[in-house]
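As a plain string of letters, each chain reads:
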Amino acid sequence: MEQKKNVEIDYNDAVIHVDHVSKSFGDLHVLRDVDLKLYNRENLVVLGRSGTGKSVLIKLISGLLKPDAGDIHVLGEVVNHLKEKELRELRLRIGFSFQNSALYDSMTVRENLEFPLVRNKRNLTRAEINKEVEDVLDGVGLLRTINQMPSELSGGQRKRIGIARTLILRPDIMMYDEPTAGLDPITCLDINSLINEVQERYKTSSIIITHDLACAKMVGDRVAMLLDGRFERVGKFSEIFDTEDERVKPFYDYNFIV
Amino acid sequence: MAKKIETLLLEFAKIHRFLMRFFREVVSPPFEFKEIIRQCYEIGWKSFPLISLTGFIVGFVFTKQSRPSLEDFGATSWLPNLISIAIVRALAPLVTALIASGKVGSQIGAELSSMNVTEQIDAMEVSGTNPFKFLIASRILATTLMIPVLCFYVAGIGLAGGYLSIISKDQLSILSFITQVFESITAKDVFAMVFRAVVFGFTIGFVSTYVGYYSTKGTEGVGKAANAAVVASMFIVFIEELLIVQILALIG
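Taken in sequence, the protein lines are chains A and B. Be aware that the first sequence starts at 1, since it is given in the UniProt record's numbering, and climbs by one per residue. Be aware that the second sequence starts at 1, since it is given in the UniProt record's numbering, and climbs by one per residue.
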């Protein structure tokens, strides 16, 4: 397994601060007074069981959902107080890789990558757009798929193209929703390496939502475990699982087949 | 019962918000001209084969079925007048709207709903694009613009079908037919036809985008959205037809 390179993280500079946030859907209290920070250039893995609100957390950060209580600070802005136009501008600095890649299936790979670029950087020439698209695609090792439709790609390729589409706007923050879900172990390793590569090459700070501990171990500088709507355990991977907590142990035991 | 009324009122409030947002997005820049033109092509141009066939058949069959009644009074020479009034005042807008509800409405409902299910709408939102303006406003505008165009075409092709039906039994020159048609229909009839088509076009676009945008997750949601787009559009089109007929009768 490829080792993660040491990245200089500034623990005095939080790019995201989820400040005592709560979120409920009807009677279901998903997040309860959650407090979490993502530091500059850090890869933070958010672990938790299915349905515990991991995806809700990153949807709150990107402004797709609004919190019931608390504030979400992203790159110096309070997301839940921003007007629509301001939020749209902030979102250009946040890359969001969806669980199912969310590629536009009526467009080719090239058009998928061009879409955010031509709409947000309207002064670019055709040659510049082509160069950007080809560079980013080459970066994820899939230049050969440029004229293919999403339906012709494998799961792993779709994930990579999805990541490439977010990277094309050169975001400061990346959010990965279940990046290895549904992929074979070899492809998982490729995706994990890509996440580390993105952190190094594009100097991003990232939140990685997963319940794949191999992914968490390989990419995470810190791990935050969501238990009963709260981050009860936050720290290095080894610290998180040094416990007898019955809510945490099965995670480790299952993933590493103890 | 109270719960049902509350749900209904909440749904009305949601529809109202959707409508207001449409008007707000449509008048505020940046304008999605390219997407509107693409949608006009998808909705308008790609509907021509189906609409040609149905328009022609409606004109032909309506004329054939009307002939016996006029024959009883020896008034078959009035057929061009009868069919032109019937087609322009009622059949063309209604047939266009019903065909478009089936073809365009289901297509928009299913497309937006599957985009919703696969998080493509969220992906658009987080990449700095306003999905409401890009996906919803452009489609509603395109149906509102293209249904009247298709309606004129259906009126023309329906009259052509009627003419062929007439000459299969009688002798009538195309020039006499056209003269009789233009003598029968008034500017008010044409205005009423365009008005109906605009209202129906807006309805089809609005209903199908609404059900697609707010569809439930899962593949079942896609099927339900496509179905609801067709059923609800057709139902509302008939209600609107009823209301417009009454209003036009009142105006005189």
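Note that these hints are calculated values from the structure, not bench results. Incorrect hints may appear among the rest.
With a cut-off of at most 35 Å between alpha-carbon atoms, the simulated DSBU-like pairs for lysine-lysine come out as follows [said to hold, decoys possible]: (1) LYS85(A) / LYS217(B); (2) LYS59(A) / LYS169(B); (3) LYS249(A) / LYS59(A); (4) LYS4(B) / LYS37(A); (5) LYS133(B) / LYS59(A).
For each hint, the structure was consulted:
no., hint, in the structure
1, LYS85(A) / LYS217(B), "27 Å, holds"
2, LYS59(A) / LYS169(B), "69 Å, violated"
3, LYS249(A) / LYS59(A), "28 Å, holds"
4, LYS4(B) / LYS37(A), "43 Å, violated"
5, LYS133(B) / LYS59(A), "21 Å, holds"
Violation of the numbered hints given earlier is confined to hints 2 and 4; the remaining hints are satisfied by the structure.
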